[in-house]
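A.B. asks: Chain by chain, the residues:
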Amino acid sequence: MGADVLAVRCRNVVKIYGTGGQKVTALGGIDLDIATGELMMLVGPSGCGKTTLISVIAGILDQDEGSCEVFGKDLAAMSDQEKLKFRASHIGFVFQAFNLLPSLTVAENVSVPLLINGVRRAEAERRAEHILEQVGLGDRTTFLPSQLSGGQQQRVAIARALIHDPGLIVCDEPTSALDHETGQTVMQLLKRTVLQKNRALVIVTHDARIFDFADRTAEMDDGRILRIEKSSVTN
Amino acid sequence: MYHIALKMLTGDRGKYLGIIMGLTFASLIMTQQPAIFIGLMTRTYSFITDVSLPDIWVMDSKVQFVDDIKPLQDTELYRVRGVSGVEWATPMYKGLLRVRLANGTFQSCFVVGLDDATLIGGPPVMLEGSIEDLRRSDGVIVDIDGARDKLARPSREPDGKSVPIKVGDSLEVNDHRAIVVGIAKVSRTFQAQPIIYTTYSRAKSYAPRERKLLSFILVKAKPGQDLSVLTRRIRESTGLAAYTRKEFMDLTYDYFMKNTGIPINFGISVLLGFMVGAAIAGQTFYNFTLDNLRQFGVLKAMGTSNRVLLQMILLQAVLVGAVGYGLGVGSTALFGYFMSDTILAFKFTWQLLVFSGVGISLICVFAAIISILKVIRLEPAVVFKN
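Keeping their order, the protein sequence lines are chains F and U. Position one of the first sequence corresponds to residue 1 (the working numbering), numbered consecutively onward. Position one of the second sequence corresponds to residue 1001 (the working numbering), numbered consecutively onward.
Next up, chain U with everything else stripped away, as it sits in the complex:
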């Protein structure tokens, strides 16, 4: 009988493809919008992700997220270094500074100043040059996306393509000369500003004169040191905030979730997508069963039990659900693939696969249950009516 169920399902190619398309669309919108949402939220803490070496980030206790800089005095660095369990601690400057472009316009850039001695906290991937080149006079490293886009030099031809800045080009950072000594690949950030790496001391010279310029203290714990114990110890002995990488990422993520309109805007979009997808897929499958009601009536009149009919409908639901889900998430993955390395934020996680899988299963089960009730209530005598 399962063979009959499958042939009933696939016999009318048009209807079969209609159901599959409905479910494909449902799982596509169930995964594509949330993937963009996750991608966007991931960008909020991508700067922390890129700095992988330190275990702990120390900052002012009022800092709410990674871009909420509340500078410290340089002396705080030595206090942190003195805490028991700290292997090493290095300074980091992070600030938004004006960069003057070749055409005279200004572009805000995140300038990251790394510890002069160790250069800890630098970009994760160097495309041109090396991190040590920062030790050259006026040396800065620019991220590739910024180099190609916002920091690019305008073309000399009217309507021509702008020319990415390259190693050897010069910039003007807050009225200070800077020479590009390297191009790096960094994760795109939520703010989408170009990122310029330099040494801590040079960054301080670029920054406006202020009493406090130390943004973060990057800490490595001694081997075997419990990180939660160490963060508590740093907090208690310095009065500063200390977070593990994961905690700092969560702090940033939570800030954006609570204080921006992103979750509600995307939430509505995802919810609507789910509802529309569910309606389309459920309606299509239900219509399919209605269209086949007479055939189920014939089978029932000829002695097929409700149990077997239910199994047939469930098999049909499982099959279209699986195919629709596969095509839907496949389409989302393809979308992500073609949109990778663009400004579009996109992150397709396994949790999203599970979420959409559960969603599609619910839709199919719901549509199947409604259809099944119709078939159970079906009077087999319907076959004698024309």
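Just chain F, same shape as in the assembly:
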């Protein structure tokens, strides 16, 4: 672990979908701590509850029981408006399908989190161009996402997740749509840019090729964490 400060503290988090006979327990009492400066991977088979857990951690899904604190704030206790503001300023997202807005240029896509936080467009795009330089896409700022390769699009998504300097980044299968080499490059970029500022990084993945980048790996099944292991590899 890079530091002692907790970015995420989950206690007995329960999430149930459906009612009556249709009930499905997606999370069956999760306890999990993630420190700042740490890269935590959530692994496990499909339907084990990984995505539900990061949705709860990211504040876009409410748990039914238990508590989940992010940087000491209990998300369940916040109003919807407070949760929106908290998400906008403290959390960055990287998605499997990139989820870039297809009609916006690369720089405009990256500037979206700043616009949500009320930064003026010109300033947001200036800062977007700066961070795109850092991820090696300084010459692609005016391109549309459709003009980029999968790896480049994921780098744009990473730049978008970082631009507003959030303390927690959640990533959903960030390398599953990429080939091995590009996936390694993206993970190196993620680890370098995210952790250099002592942020916390949570990655949901099936991709065994990137397990070695994790500081710790939480293995999940049936809505529970079976074990948490520290990585033996130093990246």
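These aren't lab readings, by the way, just hints derived from the structure by calculation. Each hint should be verified, as a subset may be incorrect.
[Claimed, not checked] Which chain U residues stay away from chain F? Per the calculated CB distances, all over 10 Å, these:
id	residue
1	F1025
2	K1094
3	L1310
[As the list claims (entries may be wrong)] DSBU-like, lysine-lysine: derived pairs with alpha carbons at most 35 Å apart:
id	chain 1	residue 1	chain 2	residue 2
4	F	K85	U	K1007
5	F	K73	U	K1374
6	U	K1258	U	K1204
7	U	K1007	F	K197
8	U	K1094	U	K1222
9	U	K1220	U	K1246
10	U	K1258	U	K1150
11	U	K1220	U	K1204
12	U	K1015	F	K83
13	F	K83	U	K1007
14	U	K1015	F	K85
15	F	K191	U	K1007
16	U	K1222	U	K1062
17	U	K1374	U	K1246
18	U	K1094	U	K1204
19	U	K1204	U	K1062
20	U	K1374	F	K85
21	F	K83	U	K1374
22	F	K23	U	K1374
23	U	K1070	U	K1220
24	F	K197	F	K23
25	U	K1150	U	K1062
26	U	K1150	U	K1204
27	U	K1007	U	K1204
28	U	K1212	U	K1258
29	U	K1094	U	K1212
C-beta atoms are modelled at their ideal positions from N, C-alpha and C, and glycine is treated no differently.
Following the hints, complete the assembly by docking chain U onto the known chain F.
C.D. replies: Just chain U now, kept in the frame of chain F:
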């Protein structure tokens, strides 16, 4: 964020043009058919509109509309002239008479007989000759549309164009010789029969022998005279019907509205047009929002509030609505422009602009509301699903 909303809207040119085309079509059919309807209804009273000088029209009390002629005795003219508040009163004959054309066929024409002394009630615009030429022997003035079309002489060449009648040509009106002394521009009428102007006395000689031949009495009120008071006074003292121009136009309009199938036929057409237009435009805009639902989900996950998303959708709706409306009414106006001076009835009024504007706004607001509900209900966790 508004910038993003606009780029989302216009980024996919195909979809954007699809929405615009849908709304353009909607506002086109919302305005084009009603414009034809208004044009047609305007023609029902266009004869009254063309006679602008008199304030009041006096006629038999059973007259229901302008072409429903129930003749009066000539002596009624003097009774009306004797009513207090009347500045002057002149006779007018209006009747449907047979005109024999050069090729031997017959054409029904409206013959309008004007007061011999004053020629009041004549055509609004003279294209050739002058109204005073009616004083020449057997003189008649023919409307330009009739001259070019129904009264035109057949070509001597097989399949050749017919030749419009012109000043100097002769006609045979109910077996009486008539010489064309002028060509006039008049508003097209609902009946679409050619109109022939002549003097009152000559019109009476053309008309079949009847005891009563006076169709209307045109009245000018004295300066400062209240028209409603004067019409009431004429009614009371003569037992005839007396209407101001506006009242007579309304009487005619109401007759056609109540007693013909025009309103119901056009009403169905306009209603269907509105519904089809609304369905096309609403569906297209709703589909656009559905297509972008994931993008809205991403924005929502990243912290965009519902309020901002709603504003973005409303901005998109307002923009496509305004552009679609503008192009739609523009197309209607162009249609009207190219169809002007043809037999097609078309009148594009400001009320129609307001009506279609409200219609398009309703469609956009409705589609936006449906889309907005979808976005409000959207679970941001959707972004983690592939």
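A.B. asks: Now tell me, hint by hint, if it's right for this structure.
C.D. replies: Do the hints match the structure? See the list:
1. F1025: holds, 24 Å
2. K1094: The claim stands: K1094 (chain U) keeps its Cβ more than 10 Å from every Cβ of chain F (closest is about 65 Å).
3. L1310: holds, 14 Å
4. F:K85 to U:K1007: holds, 24 Å
5. F:K73 to U:K1374: holds, 30 Å
6. U:K1258 to U:K1204: holds, 33 Å
7. U:K1007 to F:K197: Judged against 35 Å, a Cα distance of about 33 Å means the pair holds.
8. U:K1094 to U:K1222: holds, 26 Å
9. U:K1220 to U:K1246: holds, 14 Å
10. U:K1258 to U:K1150: holds, 30 Å
11. U:K1220 to U:K1204: holds, 23 Å
12. U:K1015 to F:K83: Holds, at roughly 34 Å.
13. F:K83 to U:K1007: holds, 27 Å
14. U:K1015 to F:K85: holds, 33 Å
15. F:K191 to U:K1007: Roughly 32 Å separates the two Cα atoms, so the pair holds.
16. U:K1222 to U:K1062: holds, 27 Å
17. U:K1374 to U:K1246: Violated, at roughly 52 Å.
18. U:K1094 to U:K1204: holds, 10 Å
19. U:K1204 to U:K1062: holds, 22 Å
20. U:K1374 to F:K85: holds, 22 Å
21. F:K83 to U:K1374: It holds: about 20 Å lies between the C-alpha atoms, which stays within 35 Å.
22. F:K23 to U:K1374: holds, 25 Å
23. U:K1070 to U:K1220: Measuring from Cα to Cα gives roughly 22 Å; hence the hint holds.
24. F:K197 to F:K23: Not OK: K197 (chain F) and K23 (chain F) at ~41 Å, beyond 35 Å, violated.
25. U:K1150 to U:K1062: Holds - the C-alpha atoms of K1062 (chain U) and K1150 (chain U) are around 31 Å apart, at most 35 Å.
26. U:K1150 to U:K1204: Distance ~23 Å between K1150 (chain U) and K1204 (chain U) Cα, so the pair holds.
27. U:K1007 to U:K1204: Not satisfied, since the Cα-Cα distance of roughly 73 Å exceeds 35 Å.
28. U:K1212 to U:K1258: holds, 29 Å
29. U:K1094 to U:K1212: holds, 12 Å
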